[in-house]
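Could you build all of it, start to finish, from the sequences and the hints given here?
Number of protein chains: 2
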Amino acid sequence: MQISTETLVKGIKSGDKRLLGKAITLVESKKPEHRIQADLLLKEILPFTGNSVRVGITGVPGAGKSTFIENFGKLLLEKGKKVAVLAIDPSSAINKGSILGDKTRMEELSREENAFIRPSPSSGFLGGVANATFETMLLCEAAGYDYILIETVGVGQSEVLVSDITDVFLFIKIIGGGDELQGIKRGIMEMIDVVFINKINENNLQAAKNEKIELKRAMHFMPSKEENWQIPVLFGSALKNEGLVEVFTALQNFIDLKIKNKNFLETRQTQAEKRFDYWVQEYILEKIKSDKQSADRYLEHKKNASEMKVNPSSEARLWVDEIFKSR
Amino acid sequence: MQISTETLVKGIKSGDKRLLGKAITLVESKKPEHRIQADLLLKEILPFTGNSVRVGITGVPGAGKSTFIENFGKLLLEKGKKVAVLAIDPSSAINKGSILGDKTRMEELSREENAFIRPSPSSGFLGGVANATFETMLLCEAAGYDYILIETVGVGQSEVLVSDITDVFLFIKIIGGGDELQGIKRGIMEMIDVVFINKINENNLQAAKNEKIELKRAMHFMPSKEENWQIPVLFGSALKNEGLVEVFTALQNFIDLKIKNKNFLETRQTQAEKRFDYWVQEYILEKIKSDKQSADRYLEHKKNASEMKVNPSSEARLWVDEIFKSR
Chain H
0 MQISTETLVK GIKSGDKRLL GKAITLVESK KPEHRIQADL LLKEILPFTG
50 NSVRVGITGV PGAGKSTFIE NFGKLLLEKG KKVAVLAIDP SSAINKGSIL
100 GDKTRMEELS REENAFIRPS PSSGFLGGVA NATFETMLLC EAAGYDYILI
150 ETVGVGQSEV LVSDITDVFL FIKIIGGGDE LQGIKRGIME MIDVVFINKI
200 NENNLQAAKN EKIELKRAMH FMPSKEENWQ IPVLFGSALK NEGLVEVFTA
250 LQNFIDLKIK NKNFLETRQT QAEKRFDYWV QEYILEKIKS DKQSADRYLE
300 HKKNASEMKV NPSSEARLWV DEIFKSR
Chain F
0 MQISTETLVK GIKSGDKRLL GKAITLVESK KPEHRIQADL LLKEILPFTG
50 NSVRVGITGV PGAGKSTFIE NFGKLLLEKG KKVAVLAIDP SSAINKGSIL
100 GDKTRMEELS REENAFIRPS PSSGFLGGVA NATFETMLLC EAAGYDYILI
150 ETVGVGQSEV LVSDITDVFL FIKIIGGGDE LQGIKRGIME MIDVVFINKI
200 NENNLQAAKN EKIELKRAMH FMPSKEENWQ IPVLFGSALK NEGLVEVFTA
250 LQNFIDLKIK NKNFLETRQT QAEKRFDYWV QEYILEKIKS DKQSADRYLE
300 HKKNASEMKV NPSSEARLWV DEIFKSR
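Protein sequence lines, in the order shown, are assigned to chains H and F.
Using numbering that gives the first Met the number 0, you'd call the opening residue of the first sequence number 0 and step up by one each time.
Using numbering that gives the first Met the number 0, you'd call the opening residue of the second sequence number 0 and step up by one each time.
Careful, some of the hints might be misleading.
Identical chains blur together in the list; that is why a pair holds if it fits in one copy or across any two.
Each computed DSS-like pair below joins lysine-lysine, with the alpha-carbon atoms no more than 25 Å apart [to be verified]: (1) K42 to K302; (2) K81 to K21; (3) K259 to K42; (4) K308 to K29; (5) K308 to K261; (6) K261 to K29; (7) K302 to K286; (8) K301 to K42; (9) K324 to K288; (10) K324 to K286; (11) K301 to K286; (12) K286 to K73; (13) K302 to K273; (14) K288 to K301; (15) K30 to K16; (16) K9 to K308; (17) K291 to K324; (18) K291 to K308.
Note that these hints are calculated values from the structure, not bench results.
Following this line, the structure appears as structure tokens:
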């Protein structure tokens, strides 16, 4: 990373996509020297962040997320918005191309000047790359993107993260009752603010209407965390550009309600605190594991707890005492 | 706490309820000298733990949880089991008596020799009392209780904890579609293994059957985390002892399936690891906050992050560096 922080800041603010990409690679890096520069960079661009609508998008493979994002993204462009698309994909390490990795996807959107598409880190965020989606989002905001779409797949861990850094969470599904949801981990349904049933045509329109009723029933048992919000179940065809305006309106209504409920900036504050606590834990563990001896001790203590050789609380106290004594 | 560890251990193992109660107060204490004794005590009793069925029970106020536990507890006693009832109640600090605090509740059960009822810590676990339900459970196991029933109310945080320390999670509700569930936080439904619709008589039997269908439909969208488990929706009347045997069988079936899936001990191991990580965080924060200066620094850093004056990740790194440098 030979590019100066100043060059990166200028590049980001002027909307240079190549430099934005370099900056993202920088904040994703775990190398100490990169982190120092990443901190400097983030400090510089921070005053220019916070102005986007942050949208989480999830759905099982095959629900048509890419097509949706392609055409929904173009709708946003038509409305004069700049759109950035990010992806969190824990499976990308195993199954490359499963999400955004395939360059033929979102081909048209990616060619648009006001769109920026960032594939998920190639090693997967559970590997050698830090989980820097939040920071990536900040960089995109500083580059002037009005909508940040963060795509993920319905496998649990990544949804929690997306829910923890976005303003509104969209669920894209296809018809199939609950069956095709078996692949979706419990807990996902609880985070959703808007549902879009995709791939609807005149042949399965009635089925879509029935599914909507069923989903609305199920929603009864999962009331929205946002006061006075009835989770909308919309349907259409992303491929044929049907129903996308309704999704746009629903997302906007949700944001408006959140602002009205004085819950918009408050949620973002809570999210920032969560990021802080997340990183505090990460860095403390990193510090501790940085020399082999204490890394081994950590695993030893954890194993003792896991096997109930020692009561977990006692074992935790032992270990924390050890850390703080040895310094 | 003037009672020796030896006396406590002997008392617990001989089933002395008074000494069991004292031991629980000890593990709930945050005083350093109590903690040292609590660690010793837990170490002594650990070989005698792990043999109970750990049942979490939740439901909105008014669902009849107390009556259920009273009569279900008696059913367990009839089957030759020893029963301990614990409670996690974050609201007890505000609204005393809301859960198990009222001594007139479970009156008959509490008089039984083979039953032990422990009200929630009077200050609420979010106050000055440590969240020691897991340790309390271990003490009860060492005292020979075969079933540990852990009661909570449907408000979110406490359910996660209960789900993290039990083998099976029972949800008690009354008829009322989803409406009366509005008070239940999102996410609760996702943890449930068995549902019991309470207060059913011949007048509302049909409504119960309809509700069962609705619930089963909703369950489609929340498949069990346990492979091959269809969440049973049972109904009856706890007051009239109707349907309780079915609940017993359902809980047992779930445990059996978990064992068959080789997921029973595995889940407990994961739970123990979670307890370890939970306490590591607690103790690290405690260490850091133990002097006023660093406690203030923590809050300052967190505030900077929350207000996005500094990027949360950078701020976390700053602070962790500070902690480890100052030692």
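* **Homo-oligomer pair classification [K273, K302; C-alpha up to 25 Å]** => The answer is between: 12 Å across copies meets 25 Å, while 27 Å in one copy does not.
* Same-copy or cross-copy closeness of K286 to K73 [CA-CA at most 25 Å] -> Close neither inside one copy (45 Å) nor across copies (52 Å); limit 25 Å.
* To do: State whether the alpha carbon distance between K291 and K308 is at most 25 Å within one copy, between copies, both, or neither.
  => Within. Shortest intra-copy distance 23 Å satisfies the 25 Å Cα cut-off; inter-copy 35 Å does not.
* Under a CA distance limit of 25 Å, which applies to K308 and K261: within one copy, between copies, both, or neither? -> between (49 Å within a copy, 20 Å between copies)
* Asked: Between the shortest in-copy and the shortest cross-copy C-alpha distance, which are at most 25 Å for K259 and K42: within, between, both, or neither?
  -> neither (30 Å within a copy, 54 Å between copies)
* Taking 25 Å as the upper bound on the Cα-Cα distance, should K324 and K288 be classified as within, between, both, or neither? -> both (16 Å within a copy, 16 Å between copies)
* Asked: What label fits K30 with K16 when the C-alpha limit is 25 Å: within, between, both, or neither?
  -> within (23 Å within a copy, 56 Å between copies)
* Is it within, between, both, or neither for K291 and K324, if the alpha carbons may be no more than 25 Å apart? -> Both: 17 Å inside a copy, 19 Å across copies.
* Between copies, within a copy, both or neither: which fits K302 and K286 at Cα up to 25 Å? -> both (20 Å within a copy, 23 Å between copies)
* Asked: Between K81 and K21, at a C-alpha cutoff of 25 Å, which is it: within one copy, between copies, both, or neither?
  -> Within one copy, since 19 Å is at most 25 Å while 64 Å is not.
* Evaluate K301 and K42 at a C-alpha cut-off of 25 Å and name the case that applies: within, between, both or neither. => Between copies, since 16 Å is at most 25 Å while 36 Å is not.
* Copy assignment of K288 with K301, given that the CA separation must stay at most 25 Å -> both (13 Å within a copy, 24 Å between copies)
Checked against the numbered hints given earlier, this structure breaks hints 3, 6 and 12; the rest are met.
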